[in-house]
Each structure stands twice: as C-alpha cells, then as structure tokens.
Amino acid sequence: MSADSAEQAIRVMVVDDHPMWRDAVERDLQQAGFDVVAVAATGTEALARFKAARPQVVVLDLQIPEPDGVGVTREALAHDPSARVLVLSASGEQADVLEAVKAGATGYLVKSASREELLDAVRRVARGDTVFTPGLAGLVLGEFRRLADPAAATDPMQPQLTERETEVLKMVAKGMSYKQIAERLVLSHRTVQNHVQNTLRKLQMHNRVELTRWAIEQGLDED
Amino acid sequence: MTLANAVVLNLYRADNFQRPVGGVVCVLVMVVWTAVAVWAYAAPRRRTVGLLVADLAVAVALLGVTPLVKGDGFNATVPGFWVAGALLAWAVRYRWVGGLLAAVVLAATDLLVREEVSQANYGNVFLIVIGGPIVGFMCGSLQEMAAERDRAERTAAAAAERARLARAVHDGVLQVLSLVQRRGAELGGEAAELGRLAGEQESRLRTLIRTQERTAERPGEVGGDAVLDLAAELGRLESRAAVTVAAPATPVELPADVVRELCAVVGACLDNVAVHVGPQAPAWVLLEAFADRVELSVRDEGPGIPAGRLEQAAAEGRLGVSESIRGRVADLGGTATLSTGSSGTEWEIVVPVVYGRH
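One line per chain: the protein sequences are A and B, in this order.
Under the numbering used here, the first residue of the first sequence carries the number 1374, and numbering increases by one thereafter.
Under the numbering used here, the first residue of the second sequence carries the number 38, and numbering increases by one thereafter.
Read the hints as simulated data drawn from the structure, not as lab findings.
Remember, predicted model here, so these are calculated numbers, not experimental data.
Treat the hints loosely; a few may be bogus.
As the list claims (entries may be wrong) - With the Cβ distance kept under 10 Å, some of the chain A side facing chain B (calculated, not the full set):
1) Asp1390
2) His1391
3) Ala1397
4) Lys1484
5) Ser1485
6) Leu1491
7) Pro1507
8) Leu1514
9) Arg1519
10) Val1545
Just so you know, even glycine gets a beta-carbon here, dropped at the ideal spot from N, CA and C.
From just these sequences and the hints, can you work out the full model?
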C-alpha cells in the first residue's frame, strides 16, 4: 500500500450527492495515499471538474442530480477514453448499473463493500482491470442471453460470447474469485481477467455500434 | 353563421315585410346582440344567468315580433335559425335541462305566434326540442369525461411524485446504513455489531425497493394470478445474511405458481447451506433465462457433502432435503443436479418454461 502511495498516487475523483458519503470515501482514499483531485455532487459539476482535474479514476454514484451517473460515464469517457469509471452504488438498481457498464464503466461495487474492497477496486480499475461483482456478472450474462434470444437475433452484428467467456462469466456470477476460477479451469489469473474484460468490451462495443446506428437513422450525423 | 343566414334570408325576402322599418330594426338588433353575445360569452365570468336569460329573451322577443313586422300568415320567422344560438348557450351551460327548457320556450313561442302550423314548421320545432337536450347531454358527458381525465392525471402525477420521494428517502437511508456498516466494521467491538445490523437492514431495504420497483412497472398484473418476475422474487432472498443473487436486468416473467415453487426450492437449498455450513455462510444464487428454459444455480463454499452420505441416507429410508429438492423440480418438469466437493456444493436446477408474454 505504501509503495502504491509513494510511487504513483492515483488521481481520483469522487462523485456523490451525499456529502457524508463523499467525505468518507474521500478520506479513505486520501489515507490510503490516493490523490483525490476533485469531488462533485451533481452530474454537471462532475463533468466540469472532470475536464479540469483529469482524474484517472472516477468513483461514481449513479443516483446523482442531472445528468445521472450513466450520462456522466458516457460524457467523461468520450472526453478522455483513458479514464476509468468505478460505479459505487447504494441503490442496486440493476438496469442503471447495466447501462453504466454499457456506457463504459469498468467496475461496480455496492456501497456496503468494505473499505479494503473499495481501495482494492480503485487500484484494479486504475490498472485497467475490470471489477465485477457476482451481481454485475449476472446482469452482463443476462444481457448477452437477451441479445442471443432467437426472437431478437436478427442482427448480424450481434455480440456473442465464446464458450470460454461464458464459462468464466458464469463462475464470476456464482461468486467465485478469479483465483478460484483460474484453479478450476487451469488458467492463469491474467487469462481469467482477460476473458472477463472481453465480455465487457464486447458489450460496450455493441452499445457504441447501436448508438451510432441510431444516430444515423435519426439523421443526427448530418449536423 | 346563423346571423349571416338570417340577415341574407331577410334581405332576400324583404318584400315579405309589411313593415320594412320594423324588419330592419329587427335585423339590426340581431347583428348587435350577436356581437354583444360573442363578446359576453368569451369570458367565463360574464357567463351569468342574466346573460343567458337575456339571450333567450332576445330570441323569444324577435320570434314574438315577427307577426307585427311580417304580418299574420308569415312563413318564416325573422330570426329563423338564429335562435339556435341562444338554445345552444343554454344547453352548454345547463346541460340537458337547460337545452330542454330553452327549446320548449322557443318552440312554444314559435308555435304561438303562427296562425297556422304547417308540417315543416312542426318539423323544425320538433328538431329544436330534440336537439336542445341532446346537445346539453353531450356537453355534460364531455365535461364529466374531462373532469375524470383530470382526476386520473392528478392521481398518476401524485403517485409518481410519491415514488420519486420514496426513492430519494430510501436512497438516503441506504447511504446512511451502508456508511454505518462500513464504519462499524472498522471500529470493531460493539460498533461492529451495530454495523452488521445496519448492513442487514440495508440489504433488506435494497431488496424491498428493487422488488417494489419491478412490481410498480407492471401495475396491471399486481395481485393477479397471471405472472410474476422470477428475478425480482429471487432478489428477495438477498435479505438473508450473506446471500448474493445474480440475475438479468430484464424481468423473467413466468406463471406465478412456477415462480413461487422455484423460489421455495432455492429457499430450501439456502436453508440447507445455513444448516450444514453455517447461518452466516456466504451463498450465491444465479438465474439465467433462455428462450426455452431457466437455469438456476445455488452455490456455497462449505466443506461439501461427503461421498456416499446421500446414498446412505436414502438407503436408510431418509429422503432428506436433497430428494425433496429433486422431487419438487421434477414436478415442474425440470432437473436438479448436485455437485459437491472440497470447494463447496452447488445445486444446478434447469426448468423448461413458457414465458408469460402478452
């Protein structure tokens, strides 16, 4: 931990409309040696300060005043694709979490997660890893199942998971750690991580394709 | 329009007038009164009883003076269809009663001033008497419908606002509970116990909100026996200590009895975990929905069930929990498979389904 703080303080922004929470998360991060470069209480504030402070990681509550967490994720990552978004949500609203992940968030934690879990998640997200909870894995799996439903599958661009990716994601959803999965499947920890990351990348890619197509259909590309 | 009609007709048949000056006066009265009425009716506060009575009185008076200006044995009254204006005003204002009253007054006047009543006269009068109440009735219905729609809109808006407030309040409560849980765990001792309790309540409340939101989205099905969302129902199990439920974001709607039975089966699996591994032992539930089936997994990280123990129990005539789980799933036409080892125990349940699509 001290090595982390001494060598490369990770630049973090905390976005939450509850001051108590914001302060608590900020304090935890600072004590652990992170550089909290900005805090924000609303979507508008978040976007303005994101551009000025250029954080590497945004710790983001989804339930914030307009624009909401999903909008902030989309805008912030459009502005700086190298930034990472870690969703920290108390509400556990499935649909919102899934939308935030589609918009590019690479991590999700519920707020009841412990201090250590949070710090670890911020570090991993900053490294470019994805932080999955079993709940998020279930949502992503469900989304791929939905897209693969024969009734809806008319789209040649349909993202599909490989068998291995499905297997890994399922194990994450069943609560297994990457380490346990690596042991079970006789893979390296890194490979498991890559498989999980790929599932998200496919979903985000599909989302971008969908958005672009929608924009073209609506004639938004002309102006 | 009725004014133009009346004016033109009277001009056209100007030679019918025995007293042309009187006729001109009548037409002028009509023009002026129409202008006054249009202005007066424009503002709701001017639509008084007085105005309506005056309107009707002018119409009646014009009908009444017809024999004087046109002479006895006239064919058409001076105002003609112009009287419809007053009639409609009464119908709109006092519904069918007003329409009927005004129609009867106008009809009676019309008939009284004539020397003889022709078939055509009778027809016109009859139309007025029929038309007045009908227009009045329609106005009444329309107003009631509008009032009802306003009420419905207000109710919906109030419900939405309540839901929004509830979300805001719940969100705040959740935040505080999570914070207490986190800080409590760090402080240790009694605070840790408080934190644990806060954590339990947080998870319960979160589950409740999620379930409610899913139900609120489909108000038509509430209380009905048709379908339930399996994902939401399983989500309730998260209120148990250390249970994590992973499910799709979209509802998984199945016949309500199937949903209840599946939840009961998963509940039994979790009870088993609590008994054999420990009440605080973590367990994970995964729901996956396919086009033709649902797959459920319940996993724990306990020591596993020693090989042969289930068989031994069965041989001793004790069916036990495992057999009960298998039996209930088989009743739904599905299969339940148990895999166990040193890294834990997992139930995999597959049930064919037909979705409650509408």
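Hints and how they fare:
1. Asp1390: Constraint on A/Asp1390 satisfied, holds at 9 Å.
2. His1391: 5 Å, holds
3. Ala1397: For A/Ala1397, the interface hint holds, since the closest Cβ of chain B sits about 6 Å away, which is under 10 Å.
4. Lys1484: 4 Å, holds
5. Ser1485: 5 Å, holds
6. Leu1491: 9 Å, holds
7. Pro1507: Nearest chain B Cβ about 5 Å off; hint holds.
8. Leu1514: 6 Å, holds
9. Arg1519: 6 Å, holds
10. Val1545: 9 Å, holds
Checked against the numbered hints given earlier, this structure breaks none of them.
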